[in-house]
Amino acid sequence: MADPRIALARVTKTYGAHQALADVSLEIAAGEFVALVGASGSGKTTLLKTINGLIVPDSGEVRIEGEAVAALAPHLLRRRIGYVFQEVGLFPHLTVAENITITPKLLGWDKPRRAARAAELLELVALPQEMGLRFPAALSGGQQQRIGVARALAAEPHIVLMDEPFGALDPLTRDGLGDDYRALHERLNLSTVMVTHDMTEALLLADRIVVVADGRLIADGTPQALAASTDPEVAALLAAPRRQAERLRARLGEIA
Amino acid sequence: MNPQVEAAFARLPEYFAWHVLLSASALGLGLLISLPLAVAASRNRHIRWPVLAGASLIQTIPSLALLALFFPLLLVISAASEDLLGYGFSALGFLPALLALTLYSMLPIVRNGTTGILSVDPAIIQAAEGVGMTPRQRLLQVELPLAAPVIMAGVRTAAVWTIGAATLSTPVGQTSLGNYIFSGLQTENWVLVLFGCAASALLAMVTDQLLGLIEAGAARRDLKRAALGAAGILIGVIVALTPLISFGKPASYTVGAKNFSEQYILAEMIAERIEDLGGEARMKEDLGSAIAYRALASGEIDVYVDYSGTLWANVLNREDNPGRQEVLEALTKELAERDGVLVLGSLGFENAYALAMRQDRATALGIESLDDLARRSASLTMGGDLEFFARPEWTAINEAYGFNFRARRSYQPTFMFRAVTSGDVDVISAFSSDGRIAADDLVTLTDPRQALPPYDAVVLIAPGRVNDARLLAALRPLIGAIPVEAMRDANYSVDRDADKRRPVEAARALSQQLGLD
Chain A
100 MADPRIALAR VTKTYGAHQA LADVSLEIAA GEFVALVGAS GSGKTTLLKT
150 INGLIVPDSG EVRIEGEAVA ALAPHLLRRR IGYVFQEVGL FPHLTVAENI
200 TITPKLLGWD KPRRAARAAE LLELVALPQE MGLRFPAALS GGQQQRIGVA
250 RALAAEPHIV LMDEPFGALD PLTRDGLGDD YRALHERLNL STVMVTHDMT
300 EALLLADRIV VVADGRLIAD GTPQALAAST DPEVAALLAA PRRQAERLRA
350 RLGEIA
Chain B
23 MNPQVEAAFA RLPEYFAWHV LLSASALGLG LLISLPLAVA ASRNRHIRWP
73 VLAGASLIQT IPSLALLALF FPLLLVISAA SEDLLGYGFS ALGFLPALLA
123 LTLYSMLPIV RNGTTGILSV DPAIIQAAEG VGMTPRQRLL QVELPLAAPV
173 IMAGVRTAAV WTIGAATLST PVGQTSLGNY IFSGLQTENW VLVLFGCAAS
223 ALLAMVTDQL LGLIEAGAAR RDLKRAALGA AGILIGVIVA LTPLISFGKP
273 ASYTVGAKNF SEQYILAEMI AERIEDLGGE ARMKEDLGSA IAYRALASGE
323 IDVYVDYSGT LWANVLNRED NPGRQEVLEA LTKELAERDG VLVLGSLGFE
373 NAYALAMRQD RATALGIESL DDLARRSASL TMGGDLEFFA RPEWTAINEA
423 YGFNFRARRS YQPTFMFRAV TSGDVDVISA FSSDGRIAAD DLVTLTDPRQ
473 ALPPYDAVVL IAPGRVNDAR LLAALRPLIG AIPVEAMRDA NYSVDRDADK
523 RRPVEAARAL SQQLGLD
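For the protein sequence lines, the chains are A and B, in the order given.
To convert, take the position in the first sequence, counting from 1, and add 99; that gives the numbering used here.
To convert, take the position in the second sequence, counting from 1, and add 22; that gives the numbering used here.
Keep in mind the hints are simulated off the structure, nothing from the lab.
Glycine is no exception: its CB is placed at the ideal position from the N, C-alpha and C atoms.
A portion of the hints provided could be inaccurate.
Facing chain B, a subset of chain A residues (Cβ under 8 Å, in silico) [what the hints assert, rightly or not]:
| hint | residue |
| --- | --- |
| 1 | F184 |
| 2 | F190 |
| 3 | H284 |
With the Cβ distance kept under 10 Å, some of the chain B side facing chain A (calculated, not the full set) [stated by the list, open to error]:
| hint | residue |
| --- | --- |
| 4 | L51 |
| 5 | D143 |
| 6 | A145 |
| 7 | Q148 |
| 8 | A150 |
| 9 | E151 |
| 10 | G152 |
| 11 | P157 |
| 12 | Q159 |
| 13 | L161 |
| 14 | L162 |
| 15 | Q163 |
| 16 | V164 |
| 17 | L168 |
| 18 | R243 |
If we strip away everything but chain A, and leave its shape as in the complex, we get (with noise of 0.2 Å):
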C-alpha cells in the first residue's frame, strides 16, 4: 500500500503547564477530506499546523507523502502545502493575480505560465477574470477568501490544510463557498484537513469527522458512524447540530 498522505505518530507539544498535543497518531489517505472539531483550546488548530511546520513538535513525527517534515526545508514544506485561514492575509500591496501566484512564483514558475495559472483558478473559484488586476482592499469578504483558497491552490498542492476558513463569512457566502470547495476537492483528488468549530458544517462538508479535546483524539469516523457514537463528549458534540435540524424541519415542514 502507497504512503498515507498526511502521517501523524505519537506528536506531543507542551505551552508551558498546558498540553496542546498528547500522543497524537493520525492518518489520512489521498481524496480524504477531514474535519478536525473540538472546542477552543482543543488542540485542534495546533494539531493543523504541526502538518505545514508553522509548529513544530516536541516528539513524535510528522510525515507527508512519506516524507518526514522535521527533515525539509519549512519554506519547501510549505510550498507543496495549501493554506487556507480564517483572516485570510491577502497581501495589500499586490494585485489578486500576484496574491494568486505567490507560490508558483517562489517556486520559479515563468510569468507566461503564472499568467494563465491565475486565469485558470479564477475561472476555478468562480471569480470574473477582470478581478486579477484589482486589489485585495477592493474585495467583498467572501471574494477575498475565494482568492485565499484560489492562492492556496496555485502550485497544485495535494493537501490542503484550512483553518476555520469560512468563520468569517455570512452564512450564504459560507454555504456557497463550502459546496464549491467540496466539488474542487473531488475534481483534484486533494487530502483536506479543516479545522472548525462548527459541527454542523463538519457534518456537511467532511467524509470524515475528528474531535480533538484535551490534546487528544475522542473520536474518529465518518459522520454516520459519529453519529451513532454512544461517547457522551460525541453525542454532546452532536446534540447542538440535530436539535437545529429538527427543529428547522418542523418550521419548515409547517411554512410548506
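Chain A is fixed; fit chain B onto it per the hints.
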C-alpha cells in the same frame, strides 16, 4: 541688488554643493545603518530597547557638541591607525561632519522602521509563512513594502534634521551653508546670517516635499509618484554637485581663516594675490583656533595667518618668553623640523594684548610706557575684558611692573571700549590690531620689559606647498608690509556699525593703500 546679497550669491554654488553632498551622504549612510538596525530591533525583543534608547541618547547630545566631539575622537583613531598601519587621516572637515550627522539622522529612521515592521498585520505575516516564503523573502517582499510609508516618514524627518544640523559643520572645517551664518555672526552681518538660514531652510523644504512624494507613492502603491520623487532627489543632488567638480582641480589653493574679522580680511588678501598670479584660491573660514594649525600641517589648507605667541604656547607648548625675534626664529626652525611647515615671515604687525589709554589722558599724565603707568597706577582705574585678569598675560605684566590700581573692573569688550572713552576707567586691555584703538583715539602703551608675549602675525605654508614657487611669489610681498595702523583701519571698516565693509572690500582697500595691488 544689495552688494552684500550679491556677494552671498557668488558663494552659493560652492556652499550649496558641499551642503548637499554632506547631507545626502550622511542621510544615505544613516539609512544604510539604520534600516538593518530597525529590522534587527523588530525581530528581536532583547535588542529593541537598547537600539531605540541608544538612538534617543544620541539625539539628546546638542548637535554642535556631537560634531565637535568627533574631532578628538578621530584624532585618537587617526594616531592609532598611523601607528598600526602607517596611514593616518584628517580629523577635520568632511569626515567628522559626516559621522556626526549620520548618527544624528538615525533615530527617526530606526524608530519608524521598527514600528513600521512591527505593525504589519499578523495575518499577513502568517500568510507569508504559509505560502512558503523564507524569512528573507518575507522581509523584502512583504514587511518592507508594507512598512515603506512609515519608514519614508522617518526618512523625511531625518532629512530635515540633517540639512539643518549640517550648517553646524563649518567650525570643524567643513564648508556648508553654515559658512554664511558663522561669518555673519562674527562680523555682525545679519544679512549674511539670514541668507544662510534661508538657503538651508529652502533646501530642507524642497527635499522634504520630494521625499513626501516618495512617501505618498509608497502609501498609495503609486509607482509613478514615487519614481518622480526619487528622480527629483537624484537630479537635484547631481545638479547641486556640479560646481564641486571644478573645485577639485589640483591647481587650486585653500586659504584658511580663523573666526574673526582680521583673519577674514587677510585670507581675502592672500586669495586675491594667488588669483592675480593665475592660481585658483578657495577659502576655508571659521576654523577653530586649535583646529587651524592642524589643518595646515595635514595639508587640508595650504596657507593661513597665525600669531607667534599662540603657536609658541599652543603648538610648541612653551611658557617662557625669550623675546620677539627669538620666538620668531625658534618657531621657524621648530615648525619646519617637526611638521615641515614653513613660517614665511611676519606681516609686520602684532595682534597682542596691549594696554590702551585715551590719547589726551595719556599725554596729560605723561604716560607712554607700562613703567610710566605703574608709577601713576595708585590713582587710576583699570578695565579688562571678561577673561583678562585671569590670564597669564596679566600675571606677567603685574609681576614685571608692580601695578597698584585703585580699582579693577571687567567688561564685555564693546562696553569696555565705551568705558574708557567715557572716562569710567583710565586704561583697558585691548588687542593691538583692534580697529577701535584708532577709532576711539586711544594709544597703546609700550612694554619696555617685554613682559607681554609677542603676537606677530605670521604667514604659514603647508608642508606640501613649501616649494610652490607661484604661491611663495604671491605671498612674499606681504612680508613686513602691513603696519599695525593699516590693519586696525581695515578691521574697523568691517567691525563698525555704520557703512560696514565686507572683508573682501576691506582687503582690496588695504592692498591699495599699501601699494600691494
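- Query: Do the numbers back the hint for A:F184, that is, is its least Cβ distance to chain B under 8 Å?
  - Reply: Holds, about 7 Å.
- Item | Cut-off 8 Å, beta-carbon criterion: hint that A:H284 touches chain B | violated, 19 Å
- Hint status (Cβ of B:Q148 to nearest Cβ of chain A, threshold 10 Å): holds, 6 Å
- Query: Should the interface hint for B:A145 be scored as holding, given a Cβ-Cβ cut-off of 10 Å against chain A?
  - Reply: This hint holds: B:A145 lies near chain A, its Cβ roughly 4 Å from the closest one there, short of 10 Å.
- Task: Tell me if B:P157 is really an interface residue toward chain A, meaning its C-beta lies closer than 10 Å to one of theirs.
- Result: holds, 9 Å
- Residue hint B:R243, partner chain A, criterion CB-CB below 10 Å: Holds - the Cβ of B:R243 comes within 10 Å of chain A, reaching about 6 Å at its closest.
- Can the hint on B:G152 be confirmed by a CB-to-CB distance to chain A that is less than 10 Å? holds, 4 Å
- Item | Residue hint B:L161, partner chain A, criterion CB-CB below 10 Å | violated, 13 Å
- For the hint on B:Q159, does the least C-beta distance to chain A fall short of 10 Å? holds, 7 Å
- Item | Interface hint for B:Q163, Cβ within 10 Å of any Cβ on chain A | Holds, about 8 Å.
- Task: With chain A as the partner, please determine if B:L51 meets the hint condition of a C-beta pair closer than 10 Å.
- Result: Violated: closest Cβ of chain A sits about 28 Å from B:L51, beyond 10 Å.
- With chain A as the partner, please determine if B:L162 meets the hint condition of a C-beta pair closer than 10 Å. violated, 12 Å
In this structure, the earlier hints numbered 3, 4, 13, 14 are contradicted, and the remaining ones agree with it.
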